[in-house]
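Protein chains in written order, with the working numbering: chain B, 20 to 206; chain A, 5 to 506.
FYI, nobody ran anything at the bench for these hints, they're computed from the structure. Remember, predicted model here, so these are calculated numbers, not experimental data. One or more hints might be untrue.
[Unchecked claim] Here are the simulated BS3-like pairs of lysine-lysine, each with C-alpha atoms no more than 25 Å apart in a straight line:
| id | chain 1 | residue 1 | chain 2 | residue 2 |
| --- | --- | --- | --- | --- |
| 1 | A | K462 | B | K81 |
| 2 | A | K462 | B | K27 |
| 3 | B | K103 | B | K166 |
| 4 | A | K464 | B | K81 |
| 5 | B | K27 | A | K39 |
| 6 | B | K27 | A | K464 |
| 7 | B | K134 | A | K404 |
| 8 | B | K57 | A | K223 |
| 9 | B | K192 | A | K13 |
| 10 | B | K57 | B | K166 |
| 11 | A | K462 | B | K24 |
| 12 | B | K191 | A | K462 |
| 13 | B | K57 | A | K13 |
| 14 | A | K404 | B | K27 |
| 15 | A | K262 | B | K81 |
| 16 | A | K24 | B | K134 |
| 17 | A | K39 | B | K130 |
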Amino acid sequence: MDHQKLVKECIREIPAAQRQLYDHFAETMLGVCYRYTKSMDDAEDVLQDGFVKVFRNLTQYKYEGELGAWVRRIMVTTALNFLKKNSRYNHEFSFDNENLHPVVDDNPEIKMTGKELADLVRQLPVGYQTIFNLHAVEGFSHVEIGKMLGINEGTSRSQYARARALLISWIKKNDQVNFKTGVYAGK
Amino acid sequence: MPENEFENKVSSEMQELKFKPSEQVWLRVEERIRKKNKRRVVVIIFLLAGLALLGYWQRSNLFGEKKNDIAKAERQKENNSAASGVTNNSSTTQQNTETTKQEERKTTADKNINDKSTVDRSVIDQKRIVVSKNEINNPKVKIKHETAVTPAHKKSKTEGEQQLSVDVVSASSQKQNPVDDDKAKDTFTVKTKTETDVKLDEAKQTEVKPLEDKIDSAKAEMTQSEEMFVKAKDTVTKEILLKDSAAVVTEKKPSEKKWKWGWELTPGKSSLNDHVFSFNMNKSAAPLNNPNSSSSSGGGTAPAGPVASTGGFAFQAGGFAKKQLTSHSSISFGLRYAYYSDNLRIGFRMTPASSPASFTQLLDALGVNSAYGARGYHFYFNNQYHFIELPVNYRLQLNKNESHPLFLQAGFKVGRMFAGKALVYDTAAGGIYYQSKKYFNKTQFGLSTSLNWTLIRKQKFELTLGPVIDLHLNSFIDNPFEEKKHLFFAGLRTTVRFNSKK
Chain B
20 MDHQKLVKEC
30 IREIPAAQRQ
40 LYDHFAETML
50 GVCYRYTKSM
60 DDAEDVLQDG
70 FVKVFRNLTQ
80 YKYEGELGAW
90 VRRIMVTTAL
100 NFLKKNSRYN
110 HEFSFDNENL
120 HPVVDDNPEI
130 KMTGKELADL
140 VRQLPVGYQT
150 IFNLHAVEGF
160 SHVEIGKMLG
170 INEGTSRSQY
180 ARARALLISW
190 IKKNDQVNFK
200 TGVYAGK
Chain A
5 MPENEFENKV
15 SSEMQELKFK
25 PSEQVWLRVE
35 ERIRKKNKRR
45 VVVIIFLLAG
55 LALLGYWQRS
65 NLFGEKKNDI
75 AKAERQKENN
85 SAASGVTNNS
95 STTQQNTETT
105 KQEERKTTAD
115 KNINDKSTVD
125 RSVIDQKRIV
135 VSKNEINNPK
145 VKIKHETAVT
155 PAHKKSKTEG
165 EQQLSVDVVS
175 ASSQKQNPVD
185 DDKAKDTFTV
195 KTKTETDVKL
205 DEAKQTEVKP
215 LEDKIDSAKA
225 EMTQSEEMFV
235 KAKDTVTKEI
245 LLKDSAAVVT
255 EKKPSEKKWK
265 WGWELTPGKS
275 SLNDHVFSFN
285 MNKSAAPLNN
295 PNSSSSSGGG
305 TAPAGPVAST
315 GGFAFQAGGF
325 AKKQLTSHSS
335 ISFGLRYAYY
345 SDNLRIGFRM
355 TPASSPASFT
365 QLLDALGVNS
375 AYGARGYHFY
385 FNNQYHFIEL
395 PVNYRLQLNK
405 NESHPLFLQA
415 GFKVGRMFAG
425 KALVYDTAAG
435 GIYYQSKKYF
445 NKTQFGLSTS
455 LNWTLIRKQK
465 FELTLGPVID
475 LHLNSFIDNP
485 FEEKKHLFFA
495 GLRTTVRFNS
505 KK
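The whole structure should be built from the sequences, with the hints applied where relevant.
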């Protein structure tokens with residue numbers, strides 16, 4: 020697909036092109052939104068807001084990087100705004116200024132699917148979930164995360180470490196349960 | 005397991021995560037992006053209407069100057085001649101005027117008679133249109149005339165048609181054709197309202213009645229259509245308002261929030277006019293009767309009024325800082341130098357050496373060394389004004405073109421005149437001009453509108469070009485001896501904008 024041509028047509032507000040752009044990215048971007056929220060409805064709300072921003076700001080896209088990365092960045096920003104503004108999330112969306120970094124050396128082998136892993140991440144408190152997604156999945160540095168969320172770099176690090184530790188413990192527990200119930204028996 | 009493998013594994017698994025969204029998501033997205041366009045159209049229409057109004061007004065002001073100058077000169081001549089010869093020749097003038105009018109009437113009649121074969125079909129058609137309009141506006145009112153003049157050759161038509169034509173023509177003929185002309189008697193038939201006419205009127209009414217009924221029904225349909233249109237308009241407006249209330253604020257990218265700066269240069273033309281939204285330029289030519297005037301004019305001669313100024317060269321140059329508000333709109337603050345000028349066509353320069361002692365006293369009282377006569381039109385004097393201005397502008401992108409976007413800009417400015425060389429009018433000594441700044445409002449507030457078309461747009465550089473109109477809201481000259489003057493400016497603006505480094 021020629022993204023440049025597609026973007027130009029979307030800027031000219033050709034409905035077919037807009038639909039094509041949406042169809043091309045909607046499924047992947049819903050996956051992104053899903054990781055930051057606690058329900059599919061909320062994920063779809065974020066997706067909707069995100070695509071509105073994408074179409075309104077397409078003139079700002081300079082064709083310098085991947086269109087997908089640009090759209091993903093908008094989705095992530097939209098998700099963060101959603102978390103801050105939505106009453107179901109914002110009371111949990113606070114970060115204590117802790118500088119304790121739990122040391123977890125474990126690097127457990129992950130035998131889970133992306134969906135299972137995402138569901139596990141969604142079990143984390145909203146703050147942990149957000150920072151884990153931003154650092155482990157999106158690849159933002161703690162400095163960048165600090166700027167995005169308005170927190171210290173150290174807070175981001177400690178929150179991430181706690182989230183990671185919690186997640187690893189759950190993965191291990193999950194592995195044991197699966198081992199006992201014979202989920203991995205066929206492998 | 006090596007360090008970060010956990011993160012890599014999680015990332016690779018999660019990147020693959022895909023879900024199919026429900027169809028409702030697209031429908032809502034589509035609805036919201038369409039709604040935004042409607043809102044933008046309303047803003048654009050509003051701004052363009054303002055621009056059109058300013059453009060129309062500016063055109064009237066700038067291009068109406070020369071006509072006004074000529075008209076003023078003619079009127080001044082008339083005033084002068086009237087002032088000198090009113091007492092001696094009033095009766096003679098009346099006679100002459102009457103004779104002239106009679107001659108004019110005769111000439112008109114002759115002309116009409118010479119053209120009798122055509123009797124101005126265009127006039128007849130025009131009057132028919134007027135009658136039809138009258139019937140539509142007030143169908144109950146019948147057309148009745150006491151006299152009716154019609155060319156003889158028209159009688160060959162059918163009676164109904166003829167009667168309609170007769171009534172229609174009468175109004176114009178009464179004014180244009182004097183009935184006492186012999187030739188006119190030969191070719192025009194003058195009728196008085198007799199029994200025959202009454203019958204004709206009745207016949208006409210019978211013919212006109214169905215027409216009136218049709219007009220009535222058409223009017224009723226029009227009223228219904230108008231009501232339907234108003235209802236539909238209300239519904240659409242409500243829908244737009246409802247959608248607007250649910251609008252979500254678009255988040256700005258961090259890079260867009262940065263200030264950008266640039267330079268602008270606007271050569272153009274400035275002028276002084278009577279009112280902010282004045283379409284009548286002749287007022288400035290009429291001298292005001294000011295009771296406090298220091299006029300020492302004698303001999304009963306009316307002082308020469310202030311001359312109408314013509315536009316002069318002007319330019320604005322300065323810098324600005326711009327901040328992006330949304331993807332299509334921005335706000336800018338500037339600081340610039342502005343030079344405005346206008347021209348006065350005035351009389352000879354009068355100095356104490358070349359004038360009587362009384363005039364020297366007058367110059368001393370005014371605190372000047374010389375003055376110029378308001379009469380004569382001997383040369384142009386160039387009034388010059390130097391300003392420092394602080395403009396604040398809102399800019400909206402009108403098109404979707406990325407490389408050559410078109411912007412509509414509207415804003416407000418505050419200016420302060422720091423230097424100038426200008427003449428002011430006084431009714432003294434039969435109307436004079438002298439250099440002074442005492443009647444100038446040095447602080448000026450104004451509105452500005454412009455269209456900017458981007459010629460070159462690169463990452464760190466942007467060049468735009470477009471017309472600009474500046475309208476000063478408060479009066480620039482508050483001279484008690486003439487109308488208040490407002491300053492106007494129209495020009496072609498070139499801006500060069502630089503992006504700050506990311």
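The hints, checked one at a time:
1. A:K462 to B:K81: holds, 11 Å
2. A:K462 to B:K27: Distance ~18 Å between A:K462 and B:K27 Cα, so the pair holds.
3. B:K103 to B:K166: Judged against 25 Å, a Cα distance of about 15 Å means the pair holds.
4. A:K464 to B:K81: holds, 13 Å
5. B:K27 to A:K39: Judged against 25 Å, a Cα distance of about 20 Å means the pair holds.
6. B:K27 to A:K464: Holds, at roughly 22 Å.
7. B:K134 to A:K404: Given that 25 Å is the threshold and the Cα spacing comes to 40 Å, the pair is violated.
8. B:K57 to A:K223: Answer violated: B:K57 to A:K223 is near 63 Å, above 25 Å.
9. B:K192 to A:K13: holds, 18 Å
10. B:K57 to B:K166: holds, 24 Å
11. A:K462 to B:K24: Holds. A:K462 to B:K24 sits at ~20 Å (cutoff 25 Å).
12. B:K191 to A:K462: Between B:K191 and A:K462 the Cα gap is close to 54 Å, so the pair fails against 25 Å, i.e. violated.
13. B:K57 to A:K13: holds, 22 Å
14. A:K404 to B:K27: holds, 9 Å
15. A:K262 to B:K81: holds, 17 Å
16. A:K24 to B:K134: Holds, at roughly 13 Å.
17. A:K39 to B:K130: violated, 47 Å
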